[in-house]
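Visitor: Here is what each chain is made of, one letter per residue.
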Amino acid sequence: MAILETKELTRRFGETTAVDRLTISIDPGEVFGLLGPNGAGKTTAIKMLTTLLPPTSGEARVGGFDVIRHARDVRRIIGYVPQMLSADGTLTGYENLLIFAKLYDIPRTVRESRVRDALALMGLDDAANKLVRNYSGGMIRRLEIAQSMLHEPCVLFLDEPTVGLDPLARQAVWERIEELRSEFGTTILLTTHYMEEADSLCSRVAIMHVGQVMALGTPAELKASIGGNGATLDQVFVHYAGTELDSGGNYRETFRTRRTARRVG
Amino acid sequence: MRLSEQGVPRGGLASPALPRTVANPLAAVSSFIYKTSVIAELEARKLSHDPTELITRAVQPALWLLVFGQVFTRVRAIPTGNLSYLDFMAPGILAQSVLFIAIFYGIAVIWERDLGIIHKFLASPTPRAALVLGKALSAGVRSLSQAIIIYVLALLLGVHLNWNPLALLAVMSVVVIGAAFFSTFSLIIACLVKTRERFMGIGQVLTMPLFFASNAIYPISMMPGWLQVISHLNPLTYEVDALRGLMLVGGAGVYGLGMDLAILLAATVALVLVAAHLYPQVAI
Chain A
4 MAILETKELT RRFGETTAVD RLTISIDPGE VFGLLGPNGA GKTTAIKMLT TLLPPTSGEA
64 RVGGFDVIRH ARDVRRIIGY VPQMLSADGT LTGYENLLIF AKLYDIPRTV RESRVRDALA
124 LMGLDDAANK LVRNYSGGMI RRLEIAQSML HEPCVLFLDE PTVGLDPLAR QAVWERIEEL
184 RSEFGTTILL TTHYMEEADS LCSRVAIMHV GQVMALGTPA ELKASIGGNG ATLDQVFVHY
244 AGTELDSGGN YRETFRTRRT ARRVG
Chain B
58 MRLSEQGVPR GGLASPALPR TVANPLAAVS SFIYKTSVIA ELEARKLSHD PTELITRAVQ
118 PALWLLVFGQ VFTRVRAIPT GNLSYLDFMA PGILAQSVLF IAIFYGIAVI WERDLGIIHK
178 FLASPTPRAA LVLGKALSAG VRSLSQAIII YVLALLLGVH LNWNPLALLA VMSVVVIGAA
238 FFSTFSLIIA CLVKTRERFM GIGQVLTMPL FFASNAIYPI SMMPGWLQVI SHLNPLTYEV
298 DALRGLMLVG GAGVYGLGMD LAILLAATVA LVLVAAHLYP QVAI
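Same order as they appear, the protein sequences are chains A and B.
In the numbering used here, each number is its position in the first sequence, counted from 1, plus 3.
In the numbering used here, each number is its position in the second sequence, counted from 1, plus 57.
These are computed hints drawn from the structure, not numbers from a lab.
Hints are not guaranteed to be accurate.
As the list claims (entries may be wrong) - With a cut-off of at most 16 angstroms between alpha-carbon atoms, the simulated EDC-like pairs for lysine to aspartate or glutamate come out as follows:
{"hint": "1", "chain 1": "B", "residue 1": "251", "chain 2": "B", "residue 2": "169"}
{"hint": "2", "chain 1": "B", "residue 1": "251", "chain 2": "B", "residue 2": "171"}
{"hint": "3", "chain 1": "A", "residue 1": "105", "chain 2": "B", "residue 2": "98"}
{"hint": "4", "chain 1": "A", "residue 1": "133", "chain 2": "B", "residue 2": "110"}
{"hint": "5", "chain 1": "A", "residue 1": "226", "chain 2": "A", "residue 2": "237"}
{"hint": "6", "chain 1": "A", "residue 1": "10", "chain 2": "A", "residue 2": "23"}
To be verified - A short list of chain A residues far from chain B (calculated; beta carbon distances all over 12 angstroms):
{"hint": "7", "residue": "20"}
{"hint": "8", "residue": "24"}
{"hint": "9", "residue": "42"}
{"hint": "10", "residue": "120"}
{"hint": "11", "residue": "124"}
{"hint": "12", "residue": "128"}
{"hint": "13", "residue": "154"}
{"hint": "14", "residue": "172"}
{"hint": "15", "residue": "221"}
All C-beta atoms in this analysis are idealised placements derived from N, C-alpha and C, irrespective of residue type, glycine included.
Only chain A is shown next, with the shape it has when bound in the complex (with noise of 0.2 angstroms):
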């Protein structure tokens, strides 16, 4: 009954190997993590579930599509969050989102309605008018969350949905992902290196190291899995992906995660 699926999926760059045959299977309804230090190959791994990366081999299905052969059928049914800044600044909200309705083909009659309900879902109906360049970072997350589930994905791609947020903005955008969950069961599949964040939002995670899965399981488990009595994830992370500090992310990535950073903090 998976909901997404991945078997062997790898992805070269020349000599790098940014996934290498990575095998998952999501159950719908599922929070899933994908835990790792920069460079670990998250990003790598969502943009080949959302179409936007063609795998170099294995095979990834999502809601029982290809994402290769049936590239189309697999973006009418995902919503997906970029880890960098994707809601257009020079736009209100409002227009932000109407666009969205607009390309997810979501009916005149109710349009209107599912932009209202999504801007009041993430707390926004007061900045709806106001150009998103004005909003704070936490906002700005708020509003490309609701822009991804317009059109009710079957499974949402969240890329690092937090990096760069205060803690109480991180707490607010917790709390949106977790109504999401329990509100209309969208099964969620999202990256992080905030080892809290995995472990008080998903239900199942993958530690991955230089494109590899180190570990799998619920959080309960991996923390058992190094014997720890009262282990935390911290703990978990280290054990699995190593403790090399230069183990990823070049400078033009530290670049960019920095400047989102800045603008959206």
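For this one, chain A is given, so just place chain B on it according to the hints.
Guide: Structure of chain B alone, referenced to chain A:
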């Protein structure tokens, strides 16, 4: 698409929630047009929030008409047939300002790429060609504002403009097609170079040759042979030619409006197809 291959989703997923897209050609075409218009609407909304760009863009064509045009009208060095030099160059300057707006259009794509906006569009069920064409048409909308400014200037300078409504409509169409062509060209460059610095460099290198190797400010017959060949390969030449026939009282193109439009349209369609193919690679 063969029906047998579409199959039922594996694992017995609830099918009502996940019907496959129906491959009805008519619906596909109307959906394509609709999505294109949504992308164009998006760009128009952006512009409506911040129209200052349009005004600053008007400075350069104004200088060309006022300074260059005035001086060369006195020199009488350029054979322009029965037209005054200012009349002759007004359509050329309109085409030039459209070119200058359109050729740097790709920078917005690089900006959107760096932010991550493009990724979200590419992950939506919007045809790639609609994303590209919608942007191209919005460059056309921007260019129409240029046309208005140039018409006002030309009127003040005493250019003999043709105010026939049909001709005006045709001028608008040619401007939009020309902008669509060059903005798509720009988008292709952006897809290939991917960084702002390289893009700006290439943009600078391209604009002047495109402008001077055309009939915008002097007739092609004046040029040396090799430059004539290049000018005939330059779509700007056909844009200017069409505008010259449509904008002026007593103006006439060299190649005929039908030929001009056919070349511009064919070139635009070809570039949109190339761009639609390259566009997804921006996200990688």
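Visitor: Any hints from earlier that this structure breaks? Give me their numbers in increasing order, please.
Guide: 4 and 13
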